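As given, the protein sequences belong to chains C and Z, one line each in that order. Residue 96 in this note's numbering sits at position 87 of the first sequence, and the numbers go up by one each step. Residue 383 in this note's numbering sits at position 389 of the second sequence, and the numbers go up by one each step.
No wet-lab data here; the hints were simulated from the structure. All values derive from a computational prediction rather than experimental measurement. Where hints are given, some of them may not hold.
Claimed, not checked - Label pairs and their computed distance ranges (CB to CB):
{"no.": "1", "chain 1": "Z", "residue 1": "50", "chain 2": "C", "residue 2": "397", "range": "48 to 54 angstroms"}
{"no.": "2", "chain 1": "C", "residue 1": "205", "chain 2": "Z", "residue 2": "498", "range": "45 to 51 angstroms"}
{"no.": "3", "chain 1": "C", "residue 1": "175", "chain 2": "Z", "residue 2": "501", "range": "40 to 46 angstroms"}
{"no.": "4", "chain 1": "Z", "residue 1": "405", "chain 2": "C", "residue 2": "179", "range": "56 to 62 angstroms"}
{"no.": "5", "chain 1": "Z", "residue 1": "79", "chain 2": "C", "residue 2": "356", "range": "54 to 60 angstroms"}
{"no.": "6", "chain 1": "C", "residue 1": "284", "chain 2": "Z", "residue 2": "361", "range": "43 to 49 angstroms"}
{"no.": "7", "chain 1": "Z", "residue 1": "139", "chain 2": "C", "residue 2": "73", "range": "48 to 54 angstroms"}
Here a beta-carbon is modelled for each residue, glycine too, at the ideal position from N, C-alpha and C.
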Amino acid sequence: MIRWVTLILLALTACADSGGNGRPTVILWHTYTGAEEIALENIVSAANRDQDRYRIEPVFVPYEAFADKITNAIPNGNGPDLFIFAHDRIGDWAESGFIEPIEFYVDDDLADHYAYAAISAMAYRGSLFGLPMAVKSVALFYRTDLCPVPPKTTGELFEWGHGFVASHPGAYALAYSNIDLYGHAPWLHGFGGRIFAKDGTLDVASPEGVRAAAFARRLRTEKLVPANATGDVIGTLFNAKKTALAISGPWFIAGINDTVPWRVATLPVVTETGLAAAPFLGVEGVLMSSRADHKGLAFSAMRALTSDASAAERARRARQIVPNNAAYENPDIAADPVLTAFRAQLSHTVAMPKTPAMRMVWTPYETALGRVIQSGDDPGAALSRAEDEIRGYVRRRSN
Amino acid sequence: MKQLGPYALAAAAALVIALGSFAAYRNRTFSEAEVARAEAAAEAAARGQKAGPAVIAAAVVLAPKKSARYPFLSHRDAIIGGRTVSLGGPGSPAIHKRLYDAANHCDDHGAFSELSGDSGRVIAAIPTDRGTAVAITQPPSPPEPLPWAILGGLLAIGAVVAYCGITVGGAARTIGLAVGASGLAAPAYIWSGAIPAAAILVIAVAVAALDARGSLRRAARALHEGRIAYAFLSPTLAAMVVIVCVPFVVGLGLGFFDHHRGEWTFVGLDNFAHILSGGGHSLADPLNFWFTVAVTLAWTAVNVILHVTLGVALALVLRKPWLKLRGTFRVLLILPWAIPSYITALIWHGMFQSEYGAINQILATFGLDRVAWFSSWTAAFTANVATNTWLGFPFMMVVALGALQSIPRDLYEAAATDGASAWQKFCHITLPSLRPALGPAVVLGAIWTFNMFNVIYLVSDGQPGGSTNILVTEAYRWAFERGERYGMAAAYATLIFIILAGGTLGIGWLRKRRAR
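For reference, chain Z alone in the conformation it holds in the complex (with noise of 0.2 angstroms):
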């Protein structure tokens, strides 16, 4: 019985397109027949004949009369059953809410038939001399249940096939594995035509081909010989791919298509090609993508130079034995770093305020003009890189004081008695000694103030012109600036994302290049 594993595991596999094949046929047919009730309903509700079973309203609204002061204002009455019924007015009954909606829908656009996926009702209404008829339907019966009989004896009947295989060996085995497993391919064919039918044969012979190789009993070896660890794994695993792949995944399909109020069309790579070609807007207009890029790249490297410089300078102070108070001081410098960073960006952001902001009040006192933090590039930038350098150098400076933690005395006493200057002390062991420590963190740095929302939101919001804006504030107006242009946020996303993966992997095989 054990052998029927591989067999068991196309059959899993094709259990599944087949039930989602049913699925859609179910759906399909469904539909179909209820709308084609309801036309039919709405049909004999014209002529005037009685509705048939499980039809909740049929109708034939009149036209509708205007008001006289009100042009968005119009009452309709309806014919049900023979009789004349006005619609309208606080307390008429549900139902004749959808009649009327569904007349003036009809009025608008034509003839229409709707299924409602919550109810399953369908409401159908057709223009007619009289006015328009309306029908609403709903379903009679509960759909179709599943062909469970049809399934399981095909799957048995699989299992013998398959078994018979086995037990002969050879290729009969092979054979007898892919011919079992195929067996749902026919009511998949049925059902829902070729696609499902033909990945179900697929399924069954790469299985019985898997298994001919060996590959399928190593596999399920090596997960039974590893079971306690991909146990332990699995719920990460699970996680992984519920929070991190699939929005990946459909993050990235997103960028090919285009919404447009609810309705999304596949567009290929036109929104590549707009970004990409700058959209029409030239190279200096903060419009164009590779401005912008420009941009995130420049405020990128100068933001962590700064919080480099500063985070190994404060280091080097905190870690001088005379200095009194270090703990203290430790603490209050990684305080910048625990305060959340919005409520830091909307500080700064009230603190270069032009009127009334900290920063201008102290240039005052000093007989300095007021400066208009938010009117010129540079000054919005510098704004920017303030806030950021405030937030950010803490990190560094974290880093580095572990990292100068572990350098060998004996390294700085050996470099004393070959009279060598602080300075060189510095270039030649403090800083290599740094490197391995710094190189990772100056990357996650890289990447965290490359995707710094918070600050060039909140702080400058991109002014003056839109100027100052990064690559991922950009995505984020796409998607709610610009009348929710997913595709468009979507493709900015899987540009950044290329840009930074790209950036990475050439660090890393410049340090690994260094390295040799």
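For reference, chain C alone in the conformation it holds in the complex (with noise of 0.2 angstroms):
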């Protein structure tokens, strides 16, 4: 109910605001929030100030509906011009029409602006769906008064973690998402796993996605992790001294206290495969709606939204990891040891599967990983337990 109520009230400001100085208006819907919201709004005033051909607007959806909401109002007209979201839905929407292809306005040369790895993120089925914006992945917070020095391996990281364990009774080591798919990747990529094969098929019970299962249970039976931690929590117990570690990502700095001593490093390599632990590159991009009107105008706001001048000014007041090569020549932000931090991880990290099936993955993954980390079951009878469960989620709508 509720939702249908913001979803009309939204479509009645999206039909009430087509005014604005007789300009077409961009009705851009985003999940920003903080500095981020902060910037966004600069650049938008900015764009609106510099030209005269059209006004973008941008509206805050609050994340977690945020989907929905775009999968629901795209179809019948409601939704908005442009949004900001993360690549893995590409498939899933551009297989539904929901997104439109923009490689008619894009040439190599405004593609160079962008890491390739960023704009190919973009990309589904030789057709490009939105213009990076932001490469986020998780990353290792330490705190530098409790472990000045933080594990390179994971091998270190239990031997570190004991100790420190038993001189601070009452704390953990590491405070992580250990029963949600995002927070376990890393351990499951260090492992060698994955969640797709190379040919697509799922891949979910490997021998390798096993040992990761089992791994991230001998970190909690270890007492080295708190139970089913969230963002919530990890900030608290990072801040109250509770936990030495953290992983997250660049949003979890908003909520550390400025009295806190702290830096970020790469995740550890995985002492028994050698690999890298390699969290989930979630590329955000601005995607236009296959129902916008004004297409044309629309990609010149998708441009402003992603130039140079922009990046630079999301990379520095919001510290967000840019794509664009060009913010990286500004001395500032190419000295700022976060973005820096973060830019190392960028070399050890999987991109999140575009596929239409990954959404099938998620719930079936994490009930397996509460089946093994909390309740103690067998990771090979919880993952095969969930490959089949997903399996018949993909397969029965394929009919």
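Assembly of the complex is requested from the two constituent chains, each provided in isolation within its own frame, with the hints serving as guidance.
Structural data, given as structure tokens:
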């Protein structure tokens, strides 16, 4: 009910606001809050000032409801013209015809502005669907007062962690979202596991995946990590000296107290395999609705939002890891230790799968993680069960 | 003239059907003609001929030149009116993008033609030796107007036939009515085939038959006599139809379809078979429908028992005359009910959090171990029940308080004279007097609890492993977490409705039998 009321209200605002100085309005939905929202507003007001062909109007939509709203609003013609979202839904939305291919407007010179991995994350089946704004992955935050040198390998993590937990009762060595596939992904990839094999078939219950799940359980059973920590809890633990390490992304920074001495490092190497723990890479881009009015103007707005100047503003103000190569020529941005650490992590990431089937993976996989880590189920059995469940959803859909 | 009432009724229904079949006919012929025109224009463009009238754009889009660096970028040129034009780049005309996208689509999926519902434009694309021929057309003229002359003429002739029949009377009246009202079946047949024509005929014959039996006259009289009541009822009735009946019927219907990326396929009873068979999961698996049914029933039973016990107990205490600040306590105890349930659920979810949750903090002060509330079924179920009991007891308490006020004092006095103990008074006076008020409240409470989405979704969220899901949260997951499987969700909703309707009817029947 609330969902629909909000949708209707949004649709009404979208209809009511096409006036503004007689220029067409480009409605932009985004999930940005805090510094990112301020940076976005600065960029939008600069874009609205610098030209008189269109006016961008940003509309905040909460992250939790965002994808559902897009899926429900665009086919009914009520959605935005542009929206900012991670690349992993592009496959699904492109197949459903919700988003507009934009390679018509883009030539090599424009594409050269962005890091190759970032812009190719916006492509699906030989078409381009968006321009990249920011790349996001998790990395290792550490409190320099509790852990001056962060562990380089998982072996060191256990060794140091046991000592730390013994000397700090009630505290944990590391806090991360362990029942969450996004939080678990670094270990999954560090053990050589994956969600989909190269040919696109599901590969959830692989021996590597099983070893990664067993590893996550060991972290919990040896009391190095808290049970089922979520974003807020991780922040609280980190601020309260209840954990020395935390795995999270750039969004975590805003919640750290000023008194906490902290730094960011790349995630440790998994000792058993010698592979670096590799988190999911999400590329946030601005995408165009297939129902957008004035597609040419909407594309101009996309360019303005992802220009080098816009990227510099977002990197400086909101510490976004922007994909624009030119932004790092700015000495302030190049010298920022946090941005440098996250950029270093980028070379050990795995792009989140874009295939529509990925959407069916999250809940069953997380159910399996819960069974393994919390209820002590056998990792192999739990993951096979998850794989069967996911196959069931994918198969019936494609009938 | 007044006697033509039955004819007007049948004619109005026939008119609606005839107009509908004309609209369908008009849309069909319009889109066929426009698609044919666009295809002809695309073929003309392929041969290098000039495009016909009302063609917005006709071009041969040449094969794409792939970018060397970016596999997802490609450049295309087009021959428009004999000149080669480069498509693309910022600032190119919107129509060029249509040509470009149509050519891409044609390369991937073969020749196509597509009518855009909003603008009436048609895009047609066909592959040729030189490239992809694309044409975009705009309809040259507005669609045909409604054929009022034909419809009006047929209705008038029908009215004359019916009137003649009525004047003659007897069987002629019925035949005249049936024949007169069937007039529109002929154009409906021409426009949209046998189905609408048959519907008009059936309506005409049915109205004539009802008229012959006098049913229509009786219904008209009843409507006339109760016209004030019906007038007052009509806004509510309309609202009920729009808000309750239509979604209900649509929901029932959706259960027979499978939804995949905006496309609906009729699958008959497949969804129900999949659900009722357990979907290939064992009975002990939370994904098995029957497991969820068992959890839902346990959830409902435990909650209702706790709500009623706690509610009645508190009501009994609040009734005591010696209790000071009774009003304040009443308000305090009703508060949980006044706070929106999702807020309460979120607060309780926070209190059950294992690191910082209030409940584990309290346990820790007593030297007890922390409980990982959402790691085992029993703990998670208990957390859900605790939250919902907090939400549910005030309602039962209010109902019981009301019922207690109405028990006559003298019953207790008479019992006291007979030497009854407090327990005997409770069992033989209080409880039986509460039953008529509590019965409907329990049914209502059971239905609410059965569908208590907020608590399950926000407190345990089905953890661990989906085992604390109830039917309604499972329906939600089919709709929003398993790829918009609205058909499965609708089938779940239908099953929930059947269970609840069956349960309510069963309880009603039991109560009636006991009353006898």
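**Item:** Range agreement (Cβ of residue 498 (chain Z) with Cβ of residue 205 (chain C), hint 45 to 51 angstroms)
**Value:** holds, 47 angstroms
**Request:** Hint says 54 to 60 angstroms; check whether the CB-CB distance for residue 79 (chain Z) and residue 356 (chain C) agrees.
**Result:** With a Cβ separation near 43 angstroms, residue 79 (chain Z) and residue 356 (chain C) fall outside 54 to 60 angstroms, so the hint is violated.
**Asked** Can the suggested window of 48 to 54 angstroms be confirmed for the beta-carbon pair residue 50 (chain Z) and residue 397 (chain C)?
**Response** For residue 50 (chain Z) and residue 397 (chain C) the Cβ distance comes to about 52 angstroms; the hint holds.
**Asked** Taking 56 to 62 angstroms as the hint, is the beta-carbon distance of residue 405 (chain Z) and residue 179 (chain C) inside that range?
**Response** holds, 60 angstroms
**Message:** Please check whether residue 284 (chain C) and residue 361 (chain Z) have a Cβ separation lying inside 43 to 49 angstroms.
**Reply:** holds, 44 angstroms
**Request:** Please test the hint of 40 to 46 angstroms on the beta carbon pair from residue 175 (chain C) and residue 501 (chain Z).
**Result:** violated, 60 angstroms
**Prompt:** Does 48 to 54 angstroms hold as the CB distance between residue 139 (chain Z) and residue 73 (chain C), or does it fail?
**Reply:** holds, 50 angstroms
When each numbered hint is compared with the structure, violations occur for hints 3 and 5.
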